[in-house]
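Student: Numbered according to numbering that gives the first Met the number 0, the sequence shown spans residues 0 to 422.
The hints are simulated quantities; they were obtained by calculation from the structure and are not laboratory data. Being a predicted model, the structure only gives us computed values, none of them experimental. Warning: the hint list may mix true and false statements.
What the hints assert, rightly or not - What follows is a list of derived Cβ distance ranges for each label pair:
| hint | residue 1 | residue 2 | range |
| --- | --- | --- | --- |
| 1 | Asn94 | Arg292 | 54 to 60 Å |
| 2 | Arg43 | Pro259 | 46 to 52 Å |
| 3 | Gln393 | Pro113 | 37 to 43 Å |
| 4 | Ser90 | Arg136 | 29 to 35 Å |
| 5 | Leu278 | Ala133 | 53 to 59 Å |
To be verified - Mimicking BS3-like on lysine-lysine, the simulated pairs with C-alpha atoms at most 30 Å apart in a straight line are:
| hint | residue 1 | residue 2 |
| --- | --- | --- |
| 6 | Lys138 | Lys171 |
| 7 | Lys187 | Lys161 |
| 8 | Lys138 | Lys97 |
| 9 | Lys138 | Lys301 |
| 10 | Lys301 | Lys320 |
| 11 | Lys187 | Lys81 |
| 12 | Lys171 | Lys6 |
| 13 | Lys97 | Lys261 |
| 14 | Lys59 | Lys171 |
| 15 | Lys187 | Lys261 |
| 16 | Lys138 | Lys10 |
| 17 | Lys311 | Lys296 |
| 18 | Lys261 | Lys161 |
| 19 | Lys296 | Lys261 |
| 20 | Lys30 | Lys59 |
| 21 | Lys6 | Lys30 |
| 22 | Lys296 | Lys86 |
| 23 | Lys86 | Lys161 |
| 24 | Lys81 | Lys10 |
| 25 | Lys38 | Lys77 |
| 26 | Lys81 | Lys325 |
| 27 | Lys97 | Lys6 |
| 28 | Lys171 | Lys249 |
| 29 | Lys187 | Lys397 |
| 30 | Lys296 | Lys252 |
| 31 | Lys187 | Lys171 |
Yeah, the Cβ is synthetic: ideal placement off N, Cα and C, and Gly gets one too.
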Amino acid sequence: MAIRERKVKNKRNSQGILTGRSGIVYDVNVKVYENGRQKSIAKRGFATRREAELYEAQIKLELQTGSAAMVGHGPESKQKLKEYLPKWYESYHHNLAKSTRYSYWSGISIHLIPMLGEVPLNKLTPQMIDDMIAQLREKGLAENSVRYCHRILSSALSSAVKYGYIPNNPAKNIMTRFSKNAGRKYEKYTVEQVQQLLAFVHGNVLETVVLLAVLFGLRLSEALGLRWRDVDLTHRQITLRGQIPCDLPKDAKIVPHLEPLKDRDEGETRSFPITEEALPIFLRLRQEQADQRRLCKLGGVKYYDNDLVVCKPDGSPYLQKRISVKFNGFMRSTGMPKIRFHDLRGTAGTNMYNLTGDFYAVSQILGHSVDDFSQQMGVNLKINTVTTRYVQVQEQRKLSVLTAYHQAVFATPKNAAVGDNSL
C-alpha cells in the first residue's frame, strides 16, 4: 500500500514542531523502477489522509508523464523555509516594482519566517499553511494582509516547483478561501466632505499634496514627483512624466531621477487640463515658492532647486512615508471619517463619475485601465469594450469632467478650523 497510517507518541503541529501529544500521521511510499532497479519516493508525516492522497496522486501523475524522477528528494528540498525564502527573494525581487519589494520582504521577515521558518521545504503541507492563515487572522491581521502573505508564499513555492525542489505547490491546495471583497472598507468622501477637508487643510503644510490628490486623483508618489516644467500654466495643462522614487534616503536633498508612472513604460505620460477653478492654486503656489527661494538666498540658506511643485521650504523632496504618517495624524485631529491618503484618489474618481457619468474620461484622468475603473463603478463591461474601441477622448472631454467636479467643490465650502502646520 502506498499510504500507511502510523501512530506516533509525539505528533508535530502545523509548523512542524513537536507537540508532546500522540496522534496518527500518514506516510506515502511510491515504488519507482529506474534502470531496472527499484527506488522509493517517500514522504512521511502527513497530518491528514487527504494530504497524503494528494501527494501520492501528484507523484503517480509525474511518473506517468515521465517528469517525476526524484523531485523533492535532493538536498535543496530539505532546506528550511527560513533559509529558502531569503534566497528566493534575492533572486526574485528584481521582477518587482521598487515599492513592492519592501512589502514582499516585510511579509517574509515579519510573518512567514517566524511562523513557518523551521519547516523543511519538502515537509510543508497545505494544512500547515491553513493553520498559519488562521493564526494570522487570530492576531488581528487585516484580511488583505493575510491574503498578501499567502500570495508571497505561493509565489516562492511556485519557484521551488520550477527548480525541482518540490513536486507541487502546497499553497495552491489549501482549504482556506478568501472573499473577493475581503479587507477593510475605507471611506470615499462626498463633495461636501471634500469641501470640509479643504477647509481643515487650508494653510497646512499638507495642503498642496492633498489638493493634487483630491482634485485631480494623483497618487502620492505622482504628486510628490510633479515638476513645474510639467505644469503648463499658459496652456493650462499638466503632464505627468514620472513619480518620486520610493527609495530616497531620509535626508535626501536632490531627486536624481523620477521613476516611471505606475503601470506605464519608461517615457509614457498622462495628461489632463487645469480648470479655471484650480488655476489660482498653481499661480499662488508658484509665487510662494519664488518668494521662499528669494528669502533663502537673502538669508544665506542653500536652496535645492529640484523644480518640484510639492517640496520643503529649502526645495528638497518629501518622503512618501513621512507624508502618509503626517496625513494620518492630521485626519485624526479633524474628527472626520477615517480615510487613507490613497483614498483621496478614489474620492476624486468617484465624485467625477457621479457628477458626469463619463467613466471613460475619468479613467483617462486617473490613469486607470478602463476595465478596472468600469468594474469599480459597476459599469457594464460590454459597454466599456465598445467605448474603448470607438470613442476618442479629447482634452475637452477631460476638461468638462474636471470642471464639473471642481465647480461643485469650490461652490460653497464649509467653515472649519485650520489644521496644524508642522511637519
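Student: All the hints need checking, so say for each whether the structure fits it.
Tutor: Results for each hint:
1. Asn94 - Arg292: 54 to 60 Å: violated (41 Å)
2. Arg43 - Pro259: 46 to 52 Å: Holds, since Arg43 and Pro259 (Cβ atoms, about 50 Å apart) stay within the stated range.
3. Gln393 - Pro113: 37 to 43 Å: Once the Cβ atoms are compared, 54 Å apart, the range 37 to 43 Å for Pro113 and Gln393 is violated.
4. Ser90 - Arg136: 29 to 35 Å: holds (30 Å)
5. Leu278 - Ala133: 53 to 59 Å: Since the Cβ atoms of Leu278 and Ala133 sit about 55 Å apart, the hinted range of 53 to 59 Å holds.
6. Lys138 - Lys171: holds (23 Å)
7. Lys187 - Lys161: violated (43 Å)
8. Lys138 - Lys97: This hinted pair holds, its Cα atoms lying about 28 Å apart.
9. Lys138 - Lys301: Since the Cα atoms of Lys138 and Lys301 sit roughly 48 Å apart, the hinted pair is violated (cutoff 30 Å).
10. Lys301 - Lys320: Answer holds: Lys301 to Lys320 is near 25 Å, not above 30 Å.
11. Lys187 - Lys81: Violated: Lys187 and Lys81 sit about 40 Å apart, past 30 Å.
12. Lys171 - Lys6: Judged against 30 Å, a Cα distance of about 28 Å means the pair holds.
13. Lys97 - Lys261: holds (11 Å)
14. Lys59 - Lys171: At roughly 19 Å apart (the allowed maximum being 30 Å), Lys171 and Lys59 satisfy the hint.
15. Lys187 - Lys261: holds (22 Å)
16. Lys138 - Lys10: OK: Lys138 and Lys10 at ~24 Å, within 30 Å.
17. Lys311 - Lys296: holds (15 Å)
18. Lys261 - Lys161: Judged against 30 Å, a Cα distance of about 29 Å means the pair holds.
19. Lys296 - Lys261: violated (36 Å)
20. Lys30 - Lys59: holds (10 Å)
21. Lys6 - Lys30: holds (23 Å)
22. Lys296 - Lys86: violated (50 Å)
23. Lys86 - Lys161: holds (15 Å)
24. Lys81 - Lys10: holds (22 Å)
25. Lys38 - Lys77: The given pair, whose Cα atoms are some 19 Å apart, holds under the 30 Å limit.
26. Lys81 - Lys325: violated (35 Å)
27. Lys97 - Lys6: Status violated; Cα separation ~49 Å.
28. Lys171 - Lys249: Given pair Lys171, Lys249 is violated - Cα atoms ~39 Å apart, limit 30 Å.
29. Lys187 - Lys397: Status holds; Cα separation ~21 Å.
30. Lys296 - Lys252: Holds. Lys296 to Lys252 sits at ~17 Å (cutoff 30 Å).
31. Lys187 - Lys171: Given pair Lys187, Lys171 is violated - Cα atoms ~34 Å apart, limit 30 Å.
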